[in-house]
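**Q** Each chain, letter by letter, is given below.
Protein chains: 2
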Amino acid sequence: MVKNIIGKIDFAEFLRGKKATFMLSLSNTQTVNIAGLTQAGIPGKIHLTPTLDSEFLCTGELRSLGEIATTPSGVPTPALITRAVHLLKPYSNIELLDLGLEVSPKVDYFKTHTFGISPSKSIALDAKIDALDIFQKGLAFGQTYECQDDYIILGESVPSGTTTARATCEALDYDCKEFFSSSFKNSPTTIRDETVKNALYHVRSDDDIFAKLGRVSDNMQIFNAGFILGLNNKIKVVLAGGTQMASVLLIVNSILRTMGGEFDTSNLALCTTKWIKEDDKSDIKTLIELLDFKIDAFYVDFDFSLSTHPALKLYDEGEAKEGVGAGGALMYGLLNGLSKADITKQVESFLG
Amino acid sequence: MVKNIIGKIDFAEFLRGKKATFMLSLSNTQTVNIAGLTQAGIPGKIHLTPTLDSEFLCTGELRSLGEIATTPSGVPTPALITRAVHLLKPYSNIELLDLGLEVSPKVDYFKTHTFGISPSKSIALDAKIDALDIFQKGLAFGQTYECQDDYIILGESVPSGTTTARATCEALDYDCKEFFSSSFKNSPTTIRDETVKNALYHVRSDDDIFAKLGRVSDNMQIFNAGFILGLNNKIKVVLAGGTQMASVLLIVNSILRTMGGEFDTSNLALCTTKWIKEDDKSDIKTLIELLDFKIDAFYVDFDFSLSTHPALKLYDEGEAKEGVGAGGALMYGLLNGLSKADITKQVESFLG
Numbered sequence: 001m002v003k004n005i006i007g008k009i010d011f012a013e014f015l016r017g018k019k020a021t022f023m024l025s026l027s028n029t030q031t032v033n034i035a036g037l038t039q040a041g042i043p044g045k046i047h048l049t050p051t052l053d054s055e056f057l058c059t060g061e062l063r064s065l066g067e068i069a070t071t072p073s074g075v076p077t078p079a080l081i082t083r084a085v086h087l088l089k090p091y092s093n094i095e096l097l098d099l100g101l102e103v104s105p106k107v108d109y110f111k112t113h114t115f116g117i118s119p120s121k122s123i124a125l126d127a128k129i130d131a132l133d134i135f136q137k138g139l140a141f142g143q144t145y146e147c148q149d150d151y152i153i154l155g156e157s158v159p160s161g162t163t164t165a166r167a168t169c170e171a172l173d174y175d176c177k178e179f180f181s182s183s184f185k186n187s188p189t190t191i192r193d194e195t196v197k198n199a200l201y202h203v204r205s206d207d208d209i210f211a212k213l214g215r216v217s218d219n220m221q222i223f224n225a226g227f228i229l230g231l232n233n234k235i236k237v238v239l240a241g242g243t244q245m246a247s248v249l250l251i252v253n254s255i256l257r258t259m260g261g262e263f264d265t266s267n268l269a270l271c272t273t274k275w276i277k278e279d280d281k282s283d284i285k286t287l288i289e290l291l292d293f294k295i296d297a298f299y300v301d302f303d304f305s306l307s308t309h310p311a312l313k314l315y316d317e318g319e320a321k322e323g324v325g326a327g328g329a330l331m332y333g334l335l336n337g338l339s340k341a342d343i344t345k346q347v348e349s350f351l352g
Numbered sequence: 001m002v003k004n005i006i007g008k009i010d011f012a013e014f015l016r017g018k019k020a021t022f023m024l025s026l027s028n029t030q031t032v033n034i035a036g037l038t039q040a041g042i043p044g045k046i047h048l049t050p051t052l053d054s055e056f057l058c059t060g061e062l063r064s065l066g067e068i069a070t071t072p073s074g075v076p077t078p079a080l081i082t083r084a085v086h087l088l089k090p091y092s093n094i095e096l097l098d099l100g101l102e103v104s105p106k107v108d109y110f111k112t113h114t115f116g117i118s119p120s121k122s123i124a125l126d127a128k129i130d131a132l133d134i135f136q137k138g139l140a141f142g143q144t145y146e147c148q149d150d151y152i153i154l155g156e157s158v159p160s161g162t163t164t165a166r167a168t169c170e171a172l173d174y175d176c177k178e179f180f181s182s183s184f185k186n187s188p189t190t191i192r193d194e195t196v197k198n199a200l201y202h203v204r205s206d207d208d209i210f211a212k213l214g215r216v217s218d219n220m221q222i223f224n225a226g227f228i229l230g231l232n233n234k235i236k237v238v239l240a241g242g243t244q245m246a247s248v249l250l251i252v253n254s255i256l257r258t259m260g261g262e263f264d265t266s267n268l269a270l271c272t273t274k275w276i277k278e279d280d281k282s283d284i285k286t287l288i289e290l291l292d293f294k295i296d297a298f299y300v301d302f303d304f305s306l307s308t309h310p311a312l313k314l315y316d317e318g319e320a321k322e323g324v325g326a327g328g329a330l331m332y333g334l335l336n337g338l339s340k341a342d343i344t345k346q347v348e349s350f351l352g
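So the sequences go chain by chain: A and B.
Residue numbers for the first sequence follow my numbering, beginning at 1 and rising by one.
Residue numbers for the second sequence follow my numbering, beginning at 1 and rising by one.
In short, the hints are calculated from the structure, not lab data.
Even for Gly, the Cβ is constructed at its ideal location relative to N, Cα and C.
Keep in mind that the hints are not guaranteed to be accurate.
Claimed, not checked - Covered stretches of chain B (chain A as the covering partner; in silico rule of three or more C-beta atoms under 8 Å from a C-beta of chain A):
#1 21-35
#2 211-220
Said to hold, decoys possible - Label pairs and their in silico Cβ distance ranges:
#3 B:LYS197 with A:GLU61: 43 to 49 Å
#4 A:THR258 with B:MET1: 35 to 41 Å
#5 B:GLU278 with A:ASN33: 37 to 43 Å
What the hints assert, rightly or not - Dumping the calculated DMTMM-like pairs for lysine to aspartate or glutamate here, alpha-carbon to alpha-carbon at most 20 Å:
#6 B:LYS19 with A:ASP108
#7 B:LYS3 with A:GLU61
#8 A:LYS18 with B:ASP150
#9 B:LYS8 with A:GLU61
#10 B:LYS89 with A:GLU61
#11 B:LYS8 with A:ASP108
#12 B:LYS19 with A:ASP150
#13 A:LYS345 with B:ASP149
#14 A:LYS111 with B:ASP342
#15 B:LYS19 with A:ASP149
Full structure from sequences and hints, please.
**A** This is the structure:
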């Protein structure tokens with residue numbers, strides 16, 4: 001079942017049986033090199049996570065590494081969920097957005113949009129992103145993008161992205177530091193607080209919004225804020241993610257405040273997992289309520305209660321939670337007739 | 001699962017969830033009248049097989065005969081597989097290509113493309129095909145054809161087509177006589193050798209490529225070679241067949257060698273059944289490796305191991321193996337979420 005975090009169910013119900021393009025936005029930030037900040041990948045190779053996630057989603061194979069990306073405690077990537085839905089009820093189309101990857105995904109035929117964007121630096125030292133440029137690239141992409149399907153599911157794979165999301169929203173003066181989730185069950189609070197503190201230290205009092213974003217954010221968030229504004233409500237978009245996608249919306253909100261524009265959000269919604277919705281270390285609902293505009297937000301009533309696989313039970317205990325558009329993928333699956341049992345069985349089949 | 005015979009999986013994975021036109025190319029050759037050469041149909045009525053296959057695929061009925069086409073040993077036509085997939089996960093569109101049928105399929109609404117092509121004579125006596133004309137008809141059809149879907153699955157039903165395929169490739173000087181499959185588990189080697197020998201006897205030393213094809217090939221192979229070249233990579237095509245479709249590719253290859261042209265094959269692939277891939281009497285992989293261009297070739301990991309029906313178990317023993325695009329149909333089914341159990345059950349339902 002797809003359920004509301006905020007708003008009404010109609011947006012989601014309208015998408016029942018509709019065709020979706022799954023778009024995966026990918027970027028690397030050197031923020032991952034801060035020890036203990038994220039568990040989204042293989043230690044020492046976390047920068048490969050978005051690359052491997054894309055390869056696995058598209059082809060079922062990990063071409064840039066010989067083994068499936070797991071966290072130190074053995075939590076497998078949420079890409080398994082996104083791929084499982086695709087095998088059972090395929091997205092009509094998968095497209096990749098390379099928003100600054102260290103290693104390009106090795107896939108043929110699947111459209112990979114490139115924008116000449118480089119991985120960003122660590123926010124602890126100033127991310128040094130040309131945020132206006134990235135934003136304008138997103139805006140232009142949204143203005144020209146033509147979707148062949150009924151809607152877009154926009155997911156992301158950005159290791160340490162929840163930390164850059166928190167820094168972003170704090171830099172934009174939202175009172176929100178307690179609201180961001182983490183790939184860990186128990187957020188590494190001290191390391192994260194320290195990282196965000198270091199990030200905010202670089203923000204100057206005369207920085208405009210893009211100058212701030214350039215220091216403390218990541219390419220995915222900045223680009224997608226532009227992308228959403230560029231699409232200008234012409235196609236339905238499900239932001240498939242948790243607090244990182246909420247941060248994208250908060251960037252949009254800040255830009256609208258600054259520029260004083262009107263923005264129709266009737267074709268925009270967010271969908272995340274039950275693990276994010278029920279996470280007591282973060283608060284997606286309150287983050288969304290910080291927006292000046294109204295938006296429907298959903299979560300998918302899916303967990304691994306039907307599984308006894310120890311790696312999957314970790315999700316139910318609060319590890320990993322979201323990523324690679326897992327919440328939006330589950331929504332698509334359930335809206336197209338898949339059951340919790342179907343999806344669970346398919347995910348289990350990947351793990352052997 | 002769809003697996004590679006040659007190449008990478010990406011082409012197939014890209015087609016996951018995509019919409020397909022199933023195109024069935026049909027022709028008769030009097031070569032079938034050579035006793036013992038083929039078991040693709042009802043003895044004495046084998047010329048009706050492509051007609052009946054089309055009727056069954058489109059309507060579920062056999063209008064030109066009151067009973068389902070079976071081989072003497074009771075192996076049902078692979079059209080059952082192609083139809084089963086269509087019932088469970090419909091192709092967006094089915095079109096028929098009448099490339100010289102003795103009896104036109106009795107179906108309304110389904111587009112049947114006609115080209116004024118007559119059935120061909122026996123290759124043992126010189127097939128007397130105006131091969132340049134048939135090729136040019138295929139070329140023109142490819143140049144003007146507009147596909148409404150994401151790709152074409154191109155199947156065939158041509159009784160005794162594996163023998164004409166072998167004669168074709170031998171006449172074109174490929175060293176390949178051991179590589180062609182047969183509708184029989186045990187190829188009728190002597191009859192077939194004799195037939196091909198008789199066919200090649202008619203080839204003259206000064207025959208150009210079309211003169212050779214006109215004597216020893218069949219309409220389906222010549223037309224489809226033109227069709228593929230005419231499409232010129234503008235739409236993805238899955239050649240749904242075994243060694244007959246490999247022969248189509250070898251004709252294309254010979255024409256390119258003769259004409260010295262460049263040809264982009266990135267939108268072209270072949271997909272066949274596991275029964276062909278594992279057949280120890282033929283060798284599709286080696287046939288494809290004879291090509292000067294690269295092409296991905298796939299097989300579908302489907303068999304009737306979940307069935308106890310004696311007629312279906314014959315497939316697993318090596319009878320029939322392929323035809324009516326069964327391999328491509330299975331690929332389409334599996335890429336759209338059908339399971340082996342789903343398809344097996346549906347095929348069984350036709351047999352009662």
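**Q** Hint by hint, note whether the structure agrees.
**A** Now the hints, each set against the structure:
no.: 1; hint: 21-35; result: violated (count 0)
no.: 2; hint: 211-220; result: violated (count 0)
no.: 3; hint: B:LYS197 with A:GLU61: 43 to 49 Å; result: holds (46 Å)
no.: 4; hint: A:THR258 with B:MET1: 35 to 41 Å; result: violated (52 Å)
no.: 5; hint: B:GLU278 with A:ASN33: 37 to 43 Å; result: violated (49 Å)
no.: 6; hint: B:LYS19 with A:ASP108; result: holds (19 Å)
no.: 7; hint: B:LYS3 with A:GLU61; result: holds (12 Å)
no.: 8; hint: A:LYS18 with B:ASP150; result: holds (17 Å)
no.: 9; hint: B:LYS8 with A:GLU61; result: holds (11 Å)
no.: 10; hint: B:LYS89 with A:GLU61; result: violated (26 Å)
no.: 11; hint: B:LYS8 with A:ASP108; result: holds (9 Å)
no.: 12; hint: B:LYS19 with A:ASP150; result: holds (15 Å)
no.: 13; hint: A:LYS345 with B:ASP149; result: violated (31 Å)
no.: 14; hint: A:LYS111 with B:ASP342; result: violated (31 Å)
no.: 15; hint: B:LYS19 with A:ASP149; result: holds (12 Å)
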